[in-house]
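Number of protein chains: 2
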Amino acid sequence: MLTPEEALQQILTHTPILLPETVPLEQAEGRVLAEELFAQSELPPFDNSAMDGFAVRSADVADAGPDRPVKLKMLDVVRAGSLPRLALQPGQAIKIMTGAPIPKGADAVVMKEFTSSTEDDWITIFRAPKKNENIRPKGEDIRVGQSLALSGLRVRPYDVALLAAQGFKMLSVVRKPKVAVLATGDELVSLTEPLAPGKIRNSNGPAIAAFLSRWKVPCRDLGIAGDDPARLEEMLRDAFAFADVLLVSGGVSVGDFDYTKAVLEKSGVREIFWKAAIKPGKPIFYGLKADEGGGKKIVFGLPGNPVSALVCLEEFVRPALEKLQGFTPKHPSYHLQGKAVNAYPKPKDRQQYLFCNARGSENDWELEIIRPQGSAMLGMACQANALAVARIGIDQVCPGDRLPFRWIK
Amino acid sequence: MLTPEEALQQILTHTPILLPETVPLEQAEGRVLAEELFAQSELPPFDNSAMDGFAVRSADVADAGPDRPVKLKMLDVVRAGSLPRLALQPGQAIKIMTGAPIPKGADAVVMKEFTSSTEDDWITIFRAPKKNENIRPKGEDIRVGQSLALSGLRVRPYDVALLAAQGFKMLSVVRKPKVAVLATGDELVSLTEPLAPGKIRNSNGPAIAAFLSRWKVPCRDLGIAGDDPARLEEMLRDAFAFADVLLVSGGVSVGDFDYTKAVLEKSGVREIFWKAAIKPGKPIFYGLKADEGGGKKIVFGLPGNPVSALVCLEEFVRPALEKLQGFTPKHPSYHLQGKAVNAYPKPKDRQQYLFCNARGSENDWELEIIRPQGSAMLGMACQANALAVARIGIDQVCPGDRLPFRWIK
Chain A
498 MLTPEEALQQ ILTHTPILLP ETVPLEQAEG RVLAEELFAQ SELPPFDNSA MDGFAVRSAD
558 VADAGPDRPV KLKMLDVVRA GSLPRLALQP GQAIKIMTGA PIPKGADAVV MKEFTSSTED
618 DWITIFRAPK KNENIRPKGE DIRVGQSLAL SGLRVRPYDV ALLAAQGFKM LSVVRKPKVA
678 VLATGDELVS LTEPLAPGKI RNSNGPAIAA FLSRWKVPCR DLGIAGDDPA RLEEMLRDAF
738 AFADVLLVSG GVSVGDFDYT KAVLEKSGVR EIFWKAAIKP GKPIFYGLKA DEGGGKKIVF
798 GLPGNPVSAL VCLEEFVRPA LEKLQGFTPK HPSYHLQGKA VNAYPKPKDR QQYLFCNARG
858 SENDWELEII RPQGSAMLGM ACQANALAVA RIGIDQVCPG DRLPFRWIK
Chain B
498 MLTPEEALQQ ILTHTPILLP ETVPLEQAEG RVLAEELFAQ SELPPFDNSA MDGFAVRSAD
558 VADAGPDRPV KLKMLDVVRA GSLPRLALQP GQAIKIMTGA PIPKGADAVV MKEFTSSTED
618 DWITIFRAPK KNENIRPKGE DIRVGQSLAL SGLRVRPYDV ALLAAQGFKM LSVVRKPKVA
678 VLATGDELVS LTEPLAPGKI RNSNGPAIAA FLSRWKVPCR DLGIAGDDPA RLEEMLRDAF
738 AFADVLLVSG GVSVGDFDYT KAVLEKSGVR EIFWKAAIKP GKPIFYGLKA DEGGGKKIVF
798 GLPGNPVSAL VCLEEFVRPA LEKLQGFTPK HPSYHLQGKA VNAYPKPKDR QQYLFCNARG
858 SENDWELEII RPQGSAMLGM ACQANALAVA RIGIDQVCPG DRLPFRWIK
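Heads up: the protein sequence lines correspond to chains A and B, in order.
If you count the first sequence from 1, you need to add 497 to reach my numbering.
If you count the second sequence from 1, you need to add 497 to reach my numbering.
This is chain A alone, in the form it adopts within the complex (with noise of 0.2 Å):
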């Protein structure tokens, strides 16, 4: 059986990275950038103005100071949006705006703040600014031809003012999955549905669904094939007619009414591994579908207790959507310490997932690990606030042990 380190290791190989798309700039954000882009034009596009105040030739004013006022005389205003019409002579200043352009034999800015403007026409300067002082030059910031971001990059909101500001409408990013859920088993009925006697209802449609909008995966809930093998068959190619990453739930234990490996099978999809040495979450199973385009479709087989499909969903499913969005993946990261307050027995062949309660603060947090766990018990798990991993190779959580752990959010 693989280990969990195994298990993800072969999921990264084989799911793939997603083919591009052309997506408008405002929806960009948090995809990642599949072409290098280059700047277009210079930023600023011209000299302009860092400040509102008065445009002059630094050699007037040369002699200017809070106590040696220099008078000039106003020439014109210049406004952001608008083009100086006059070229500034000895002697004179024009008033600018912020963003405005610097009038032609301008090289300094005055800030406002130290003139003043008794009469009409007339504006007295009170200190001497350095050539170039309060002028952003043409290019400061970005030349023609220079780099913008690179193929790779995890478009940021910065990006997108940086890529408005040189025009760029459409961007070039990594497709995001279209994932497919559906949920076998049948004792499950749906939410609308009254529960019988020997139902439950499905937990996972509506949790994974919510795991994936959190992820900002878009997905649909294609709802309960029942134990039926026809009807699963015919959900699976309904949802491979759309998807790219198919999420099973329940049936791939080892019980007699557990067909859903066989029915992936038939359907297609090969086997990467079944079972994974973890607790909860044994029976994942992870298989691909070659798909017509010479592409991979990725399938998912999640145990069909909630707390097991939740987990594994995290620590695998997670993962295997970074990889096809481009990301790097980073998740689940267990980058927490914590010593444990109590006690708790686990199977030394797996690696354990504890529902646990954090508490203290930082570099000093205590585990109080909740009994009893279960891979049914939701209300267990939603009164966790950190996930704990035992690891492979103890049989026993003592009070005083460390463990590695992450927030449940």
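Rather than coming from a laboratory, the hints here were simulated on the basis of the structure.
Misleading hints may appear alongside valid ones.
Heads up, the list lumps identical chains together, so a pair's fine if it works in one copy or across two of them.
Claimed, not checked - Simulated crosslink set (DSSO-like; lysine-lysine; CA at most 30 Å straight-line): (1) 906 with 713; (2) 675 with 570; (3) 827 with 772; (4) 794 with 843; (5) 827 with 713; (6) 713 with 794; (7) 601 with 786; (8) 666 with 713; (9) 763 with 570; (10) 845 with 786; (11) 713 with 675; (12) 779 with 793; (13) 843 with 776; (14) 827 with 906; (15) 845 with 827; (16) 786 with 570; (17) 786 with 666; (18) 675 with 568; (19) 763 with 675.
None of the values given here were measured: they were computed from a predicted structure.
Given the structure of chain A, go ahead and fit chain B onto it with the hints provided.
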């Protein structure tokens, strides 16, 4: 002028929590619950098997062991989703699947792995189960009437699973704010217009929309108002007709054409503060407008320079959006510490946000401050992977100084 902490305090004091709305369970992930929910039924709803195996009377097999097999008559099969037809009598076993109801008379389930069935209708047991072994008792996880989720909970996928299992179809959650975004400035042209001399592209609209999309807050980008007060007033009227939050960028400074504040006031917006002691972003404006229903609309005037606008968006607008949605605002959080490797002068009376490249590893980060920085330099901002904070009171960051920082993602 308010310190950034005082400004944030003002924002959090005046920004209300929105009223609840009812949404389908599937859409509740990440939303804040506006009601306490109580269990409608037991979970599990009936005693059921935790394993595929055989339901037995533990007394019948009390002496069973690997070398002491006990034979039982196989009476029936119970699948998950069906009901047991027969009660167990002494000497009998019923084959049972995971999740299936426990037949009357049985008080333990022996895992399939500890049994063999060489003859039809007879089953050999090699293990003496404890009483109740592998039985998940009715109500083990959740009892009727128990609190499932408190008002104020931010709904997680695990909560969705539990609430689905309990048959909740609709939830009352705090409404999400609708945000209107508009840019002022005669210098701005949209992405689809040609770039005439003296003009620049509106990058604030797309970048603000990108941040809001990341934060899952619906927004409508109303485009560019120019510097025409009448046009701006008309656009504000349209915005207030649907939006809870209005973000106007540009025109909040002290230039002759900075009409935004005046037009906002004319439109019924009451100033709570104008200007904060920060760089970039000093001219930020925050105000409120009473709405007809007795509520308040939130208005931010953001600086026109794109780096300033985006810094203010993350520092001040995001916490307001979190408060509106009923979260405890946690952003932005400067939870890391790094050591500056280079010097940077700053205004002593303002907190400066410094775009940096952070290198190193946990607990040993080096911050290279990008030089020069400017409030319009998007290319500079896109080179950074971290934003550091240099507090009020110091006029120079020196190499070796420790600065709080956060990642720019």
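Consistency of the hints with the structure:
For the homomeric pair residue 906 and residue 713, the shortest alpha-carbon distances inside one copy (16 Å) and between copies (16 Å) are both at most 30 Å. In this homomeric assembly, residue 675 and residue 570 never come within 30 Å of each other (Cα to Cα): the closest approach is 66 Å inside a single copy and 50 Å across copies. Taking identical chains as interchangeable, the C-alpha atoms of residue 827 and residue 772 lie at most 30 Å apart only when both belong to the same chain, with a minimum of 22 Å there against 39 Å between chains. Neither within a single protomer nor between protomers do residue 794 and residue 843 lie at most 30 Å apart by alpha-carbon distance, with minima of 35 Å and 54 Å respectively.
When the C-alpha separation of residue 827 and residue 713 is checked against a cutoff of 30 Å, the pair qualifies both within a copy, at 16 Å, and between copies, at 21 Å. For the identical chains of this complex, residue 713 and residue 794 are neighbours both inside a copy (19 Å) and across copies (29 Å), given an alpha-carbon limit of 30 Å. In the homo-oligomer, the alpha carbons of residue 601 and residue 786 never lie at most 30 Å apart, since the shortest distance is 66 Å inside one protomer and 44 Å across protomers. For the identical chains of this complex, residue 666 and residue 713 are neighbours both inside a copy (22 Å) and across copies (22 Å), given an alpha-carbon limit of 30 Å.
For the identical chains of this complex, residue 763 and residue 570 are neighbours neither inside a copy (88 Å) nor across copies (35 Å), given an alpha-carbon limit of 30 Å. Neither within a single protomer nor between protomers do residue 845 and residue 786 lie at most 30 Å apart by alpha-carbon distance, with minima of 34 Å and 63 Å respectively. For a Cα distance limit of 30 Å, the shortest separation of residue 713 from residue 675 qualifies both inside one copy, at 11 Å, and across copies, at 19 Å. In this assembly of identical chains, residue 779 and residue 793 lie within 30 Å of each other by CA distance solely inside one copy; the values are 24 Å within and 52 Å between copies.
With identical chains, the CA atoms of residue 843 and residue 776 are at most 30 Å apart within one copy only, with a shortest distance of 9 Å there and 54 Å across copies. Proximity of residue 827 and residue 906 under a CA criterion of 30 Å is satisfied in both settings, with 16 Å inside one chain copy and 14 Å between copies. Only within a single protomer do residue 845 and residue 827 lie at most 30 Å apart by alpha-carbon distance; the minimum there is 27 Å, versus 40 Å between protomers. With identical chains, the CA atoms of residue 786 and residue 570 are never at most 30 Å apart, being 78 Å at best within one copy and 44 Å at best between copies.
In the homo-oligomer, the alpha carbons of residue 786 and residue 666 never lie at most 30 Å apart, since the shortest distance is 35 Å inside one protomer and 35 Å across protomers. In this homomeric assembly, residue 675 and residue 568 never come within 30 Å of each other (Cα to Cα): the closest approach is 69 Å inside a single copy and 51 Å across copies. In this assembly of identical chains, the alpha carbons of residue 763 and residue 675 lie at most 30 Å apart only when taken from the same copy (22 Å versus 48 Å across copies).
Of the numbered hints stated above, those contradicted by the structure are hints 2, 4, 7, 9, 10, 16, 17, 18, listed in ascending order.
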